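*Asks:* These are the residues of each chain, in order.
Number of protein chains: 2
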Amino acid sequence: MEKLYIGVDVGGMSIKAALVNKQGEIIYKSTKKTNSLEGGPGVLLKDIKELMIEHIEYAKKSGDVVKGIGFGIPGVVNNENGTIDYACNLGVENVNLRDYLSELNLPIYLSNDANVACLGEERFGAAKEYDNVVLLTLGTGIGGGVVIDDKLFEGVEGKGAELGHTVIVVDGEPCACGRRGCFEAYASASALLRYTRQEMKRNHDSMMWDYCKGDIDNVDGLTSFECAKKGDVSANLVIDTYVKYLSEGVLNFCNIFRPQVILLGGGISNQDKYLIEKVKKYCADRNYGYKNTPVVEIRVASLKNDAGVIGAACLAMDGDKK
Amino acid sequence: MEKLYIGVDVGGMSIKAALVNKQGEIIYKSTKKTNSLEGGPGVLLKDIKELMIEHIEYAKKSGDVVKGIGFGIPGVVNNENGTIDYACNLGVENVNLRDYLSELNLPIYLSNDANVACLGEERFGAAKEYDNVVLLTLGTGIGGGVVIDDKLFEGVEGKGAELGHTVIVVDGEPCACGRRGCFEAYASASALLRYTRQEMKRNHDSMMWDYCKGDIDNVDGLTSFECAKKGDVSANLVIDTYVKYLSEGVLNFCNIFRPQVILLGGGISNQDKYLIEKVKKYCADRNYGYKNTPVVEIRVASLKNDAGVIGAACLAMDGDKK
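Residue numbers (the numbering used here), protein chains in the order written: chain A, 1 to 322; chain B, 1001 to 1322.
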């Protein structure tokens, strides 16, 4: 009989669940489409409960036992009372997930999705040899996760580690959070697309126009990288701009947390030579402190699509230790 | 017989030491002038050792016992090996304080001065009812301290929590750390003086000129506040500018740490109505997250000149528990 933990990655497109053992291995997993934007929060809760029962049954049949369930939520949670306060991509507001699942008789843990991804990477992914880790997921926005001394840092009610919502340009670009100049408005994948389009409008001879078949609506996260690789000057300018803002944020988190490693996640983090190496160089040139201050390592997150379920399962493992 | 802890606040002007009990009360204290800029690091070490022996003797005579010594250092330390890596105000570089004091046969703890001040305030000062606290000391620069779940957060080697060195204006004002646009370059007391002088040069009719007796070199931290209180429009503009940058940084640390309280220290933090109340309002209007996210409290640090010695003693108390 093995102790297992269910990790659930609740996303705007799908709800992914997995049975994970203490070694971070996925024993079983399954997925449901997220229907709550159309169907309302009741549909989401019902789908989650069905997935949980499926996983608990699977464990039972294998002679194993589920010790707890962890959730990664794309939004604001209250980890003390188990509520999803607000998750616009799920169409959910003020829903108590812990109460709803109480009949399962299992401890229920919630955290923000980037938080659990960071925990998963620290335990079983790109930072498994370290205990002090910051993760930045570069997507539509920027999610942040922080692990300190092998423990997830979440802030009061689990509402901290909102690393994307830190202003790096006072009075800068408007951000979805209501402030102006947030890191997320300058270093998310969406910001990269903005820089790409701006540069294309400035230079109609750029190779990026060919790449997009003449239609600026075809710009995606690869446009600038692919054309930069072919030597397009404009594309390289776009990437330099992006690297600068991303690195300024990375340096801020070096100075604030002085972790052992900062991980970058999200699709564009796979651009090793054209992104990660440039960020490393920018940061090494501007390392804070005296000559004895070590340069913080910068790496690409490695668990990819499994980071959410494995990290969420780690939440439950940590709860089980208490 | 009472257990006592020596807290040492090593400053550019003076070395303050105090015997502190577990209730945070100062039993005895004394001070030496800091002579290391002229005399070199050897003088600093000798003066510190003499102060320590004086305090240990005092405790012995009272029938008490010293269990450890904590230091607050104005610079970069390595808390693992007990070294002051670099402290320009002390003229000290790469000096191992722990080794030098080894013949005292007491555990020696080092941390950055703002870190220990935060720990002191959290235990015995303005945040004593809380466990999650961020402190910003507004002086020539900005020092930062962070306590998470009643434990000082320091980062690897004690080199984290450099909250003043986080860029809030990419490509902005140059900072002593080598980057541009740091929070410290926009919200330190020095930045307030810069805004004051800039506005005086713009408006020669401002009351601030009278306050400075016509000499811009007389500008100090009170100039704008005192004239604003008398209704001077220019002085109010200066304060509004300062409040904006200070508050943007405060909001960043709300989103990163989501503490229970953020404390502001340093001389200008005493301007309650003209500074703290304005910062509170600016931040409340821009609180991150959904309606359930609590507004972080903002308070003035209360231990004043004793924050350093009490906080440094707390370092030793925490070490004694391990």
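Calculated directly from the structure, the hints in this document are not laboratory data. Just so it is clear, the structure is predicted and the values come from calculations on it, not from any experiment. C-beta: ideal position from N, C-alpha, C; glycine also. Heads up, a few of these hints could be off.
Said to hold, decoys possible - Here are the computed lysine to aspartate or glutamate pairs in the EDC-like style, where the Cα-Cα straight-line distance is at most 16 Å:
| id | chain 1 | residue 1 | chain 2 | residue 2 |
| --- | --- | --- | --- | --- |
| 1 | A | K291 | B | D1150 |
| 2 | A | K151 | B | E1093 |
| 3 | B | K1291 | A | E157 |
Said to hold, decoys possible - Non-contacting residues of chain A with respect to chain B, defined by C-beta distances greater than 10 Å in every case (computed):
| id | residue |
| --- | --- |
| 4 | N35 |
| 5 | G39 |
| 6 | M52 |
| 7 | Y58 |
| 8 | G63 |
| 9 | E93 |
| 10 | D150 |
| 11 | V156 |
| 12 | Y195 |
| 13 | S302 |
*Asks:* All hints are to be evaluated individually against the structure, with a verdict given for each.
*Replies:* Taking the hints in turn, this is what the structure says about them:
Distance restraint check for K291 of chain A and D1150 of chain B: the Cα-Cα separation of roughly 31 Å exceeds the 16 Å cut-off, and the hinted pair is therefore not satisfied. Our distance criterion of 16 Å between C-alpha atoms is broken by K151 of chain A and E1093 of chain B, whose separation comes to about 33 Å. Only pairs whose Cα atoms come within 16 Å are accepted, and K1291 of chain B paired with E157 of chain A is accepted, the gap being roughly 13 Å. For N35 of chain A, the shortest C-beta to C-beta distance to chain B comes to about 22 Å, beyond the 10 Å cut-off, and the non-interface label holds.
The beta carbon of G39 of chain A sits about 21 Å from the closest Cβ of chain B, which is more than 10 Å, so the claim that it is off the interface holds. For M52 of chain A, the non-interface assignment is confirmed: its Cβ lies about 25 Å from the closest Cβ of chain B, beyond the 10 Å cut-off. Even its closest Cβ contact with chain B, about 35 Å, leaves Y58 of chain A beyond 10 Å, as expected for a residue assigned away from the interface. Once the 10 Å rule is applied to beta carbons, G63 of chain A is consistent with being away from chain B; the minimum gap is 38 Å.
Residue-level check failed: E93 of chain A sits 7 Å from the nearest beta carbon of chain B, not beyond 10 Å. The Cβ of D150 of chain A lies farther than 10 Å from every Cβ of chain B, with a closest approach of about 13 Å, so its non-interface assignment holds. Not every CB of chain B lies more than 10 Å from the CB of V156 of chain A, the least distance being 5 Å, so the non-interface label is violated. Every beta carbon of chain B lies more than 10 Å from that of Y195 of chain A, the smallest distance being close to 14 Å; the non-interface claim holds.
For S302 of chain A, the non-interface assignment is confirmed: its Cβ lies about 21 Å from the closest Cβ of chain B, beyond the 10 Å cut-off.
Violated hints, listed in ascending order, are 1, 2, 9 and 11; each of the other numbered hints is respected by the structure.
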